[in-house]
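Could you build all of it, start to finish, from the sequences and the hints given here?
Taken in order, these protein sequences are the chains called F and G. The working numbering puts the first residue of the first sequence at 1, with every later residue one more than the last. The working numbering puts the first residue of the second sequence at 1001, with every later residue one more than the last.
Simulated from the structure, these hints should not be mistaken for laboratory data. Computed from a prediction, not measured in an experiment: that's the story for all the values here. Take the hints with a grain of salt, since some may be wrong.
Residues of chain F clear of chain G, computed beta-carbon distances all greater than 10 angstroms [said to hold, decoys possible]: (1) Arg59; (2) Val82; (3) Ile101; (4) Ile104; (5) Tyr108.
A partial selection of chain G residues facing chain F, derived with a Cβ cut-off under 10 angstroms [what the hints assert, rightly or not]: (6) Leu1100; (7) Leu1110; (8) Ala1143; (9) Ile1162; (10) Leu1167; (11) Leu1189; (12) Leu1193; (13) Ala1236; (14) Gly1325.
These stretches of chain F come out as covered by chain G in the derived footprint (C-beta under 8 angstroms, 3 or more residues) [stated by the list, open to error]: (15) 4 to 15; (16) 18 to 32; (17) 69 to 77; (18) 84 to 91.
Positions of the beta carbon are idealized from the N, C-alpha and C atoms, including for glycine.
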Amino acid sequence: MLDNYLPILVFIAIGIAFGVGPIFAGFILGPHRPDAEKLSPYECGFEAFEDSRMAFDVRYYLVAILFILFDLEIAFLFPWAVVLDQLGWFGFWAMVVFLGILVIGFIYEWKKGALEWE
Amino acid sequence: MIELLIILAKIILIVGPLMGAVAYFTYAERKIIGYMQVRLGPNRVGPKGWGQPIADAVKLMFKEIVVPAQSNRYLFLLAPVLSIAPSLAAWAVVPFGDGLVLADIDASLLYILALTSTGVYGIIVAGWSANSKYSFLGAMRSAAQVVAYEIAMGFALVGVLIAAGSLNLREIVLAQQGGIWHWYFLPLLPLFLVYYISGVAETNRAPFDVAEGESEIVAGFHVEYGGMAFAVFFLAEYANIILVSMLVSLLFFGGWNSPFEGIWGLETLFGWVPGLVWLLVKTSFFMFTFLWLRATFPRYRYDQIMRLGWKVFIPVTIVWLLVVGVAVVGDLPPWWG
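Quick look at the structure:
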């Protein structure tokens, strides 16, 4: 059973090699002529000003938090979905209650305006 | 040791054609969009431009990789690897036919969901480590968009799981046997549409490509990358497009099942076609629609993208999950009677 996972491990290693290999090759084959202008961050025509690690909109943070909630929800739904056929109506209604609580939270955040981007 | 070599050979059998497909998908993209816009597309390198992808690869190979002075250089070089490794490794569990799979694990769909979610780290690390305003803004946008659509995508997958009763991709395809009307795109039509459109948004493709809205933030999170470092991001993006197309065919369009199953006359007429060919035909069709969408639709505004993801797709999928649940538990005809 577990040896089915060996090919996956090897494949992940190959995937990493596919990222490292070309970059390495690029460093060897490509030229190296750095200068101050070339190494400065790209900014349409003028010298870079301010720090680029600036404050960002709090809504991105909100999206990240909501994502964690909903993704966890999906993780809970996965095992339930696989055996729903055997669980019957009891399993179905149990999950309806669970989803109902989620939907109440969803409506709340919707009304609060957490999903608004103008 | 021998076992390891066999695994390696199999992986090369998957990755080799995949890389070829990526190379010629970029060619197809430029050619098809060219014809859709009444242009010729690339036609100089080799007959009808067939050498173009190879010429591009060689050119990128000999370009300088610029590492900006203020960047976090190790993270900067790690980001492309973080983005390509999951998009290739996800192929380990993709079945190409009944039994034609590298790793036939029970949790294959979960594995794919986990790996494709990991791709967002590549985006956010690339954008942050480059220390450039454009790439930072691009990374914020892409990451928020990708995670928003990931939820809709996950809910759509739950619907498929309820219908098939298995996490194993092979068993999901086998559950769709018995003709074109048994394929899940019919009973799960809303989920199929949500999944496909989320797939387009997940890969940051037009019309959801605000991350690289050229007129606003240049190339988005990979604006500071050049040469092979850029090429690796590019490979990852196209490998992901092919993966999404493949998954749509497997999950909703019967995978390697023939569309003529159960139709008198046509079934025997096309009986000699191997299942792999059907799977590839379906996958190619969805890859083509990616290009078609790009040539047809103008770019969405960012608030429109977020509204579609949160306020349309999530309610639609939750409602349809309940519909599918009732149909499966209640054994309702025509699909679960």
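Okay, the hints, checked on the actual structure:
1. Arg59: Arg59(F) is in fact no farther than 10 angstroms from some Cβ atom of chain G, at 8 angstroms.
2. Val82: 6 angstroms, violated
3. Ile101: Non-interface label stands for Ile101(F): nearest chain G Cβ at 12 angstroms, farther than 10 angstroms.
4. Ile104: 12 angstroms, holds
5. Tyr108: 13 angstroms, holds
6. Leu1100: 13 angstroms, violated
7. Leu1110: Check passed: Cβ of Leu1110(G) comes within 7 angstroms of chain F, closer than 10 angstroms.
8. Ala1143: 8 angstroms, holds
9. Ile1162: Ile1162(G) check passes; min Cβ-Cβ to chain F is 5 angstroms, inside 10 angstroms.
10. Leu1167: 6 angstroms, holds
11. Leu1189: Given a least distance of 18 angstroms, the restraint on Leu1189(G) is violated.
12. Leu1193: 18 angstroms, violated
13. Ala1236: Holds, about 8 angstroms.
14. Gly1325: Holds, because the Cβ-Cβ distance from Gly1325(G) to chain F comes to roughly 5 angstroms (cut-off 10 angstroms).
15. 4 to 15: Our answer is that it holds, as 10 residues pass the Cβ test (under 8 angstroms) against chain G, meeting three.
16. 18 to 32: holds (count 12)
17. 69 to 77: Since three or more residues must qualify, the claim that chain G covers the stretch 69 to 77 of chain F holds, with 4 doing so at under 8 angstroms.
18. 84 to 91: Coverage by chain G holds for the stretch 84 to 91 of chain F (6 residues, Cβ < 8 angstroms).
The structure fails hints 1, 2, 6, 11 and 12 (numbered hints given earlier, in ascending order).
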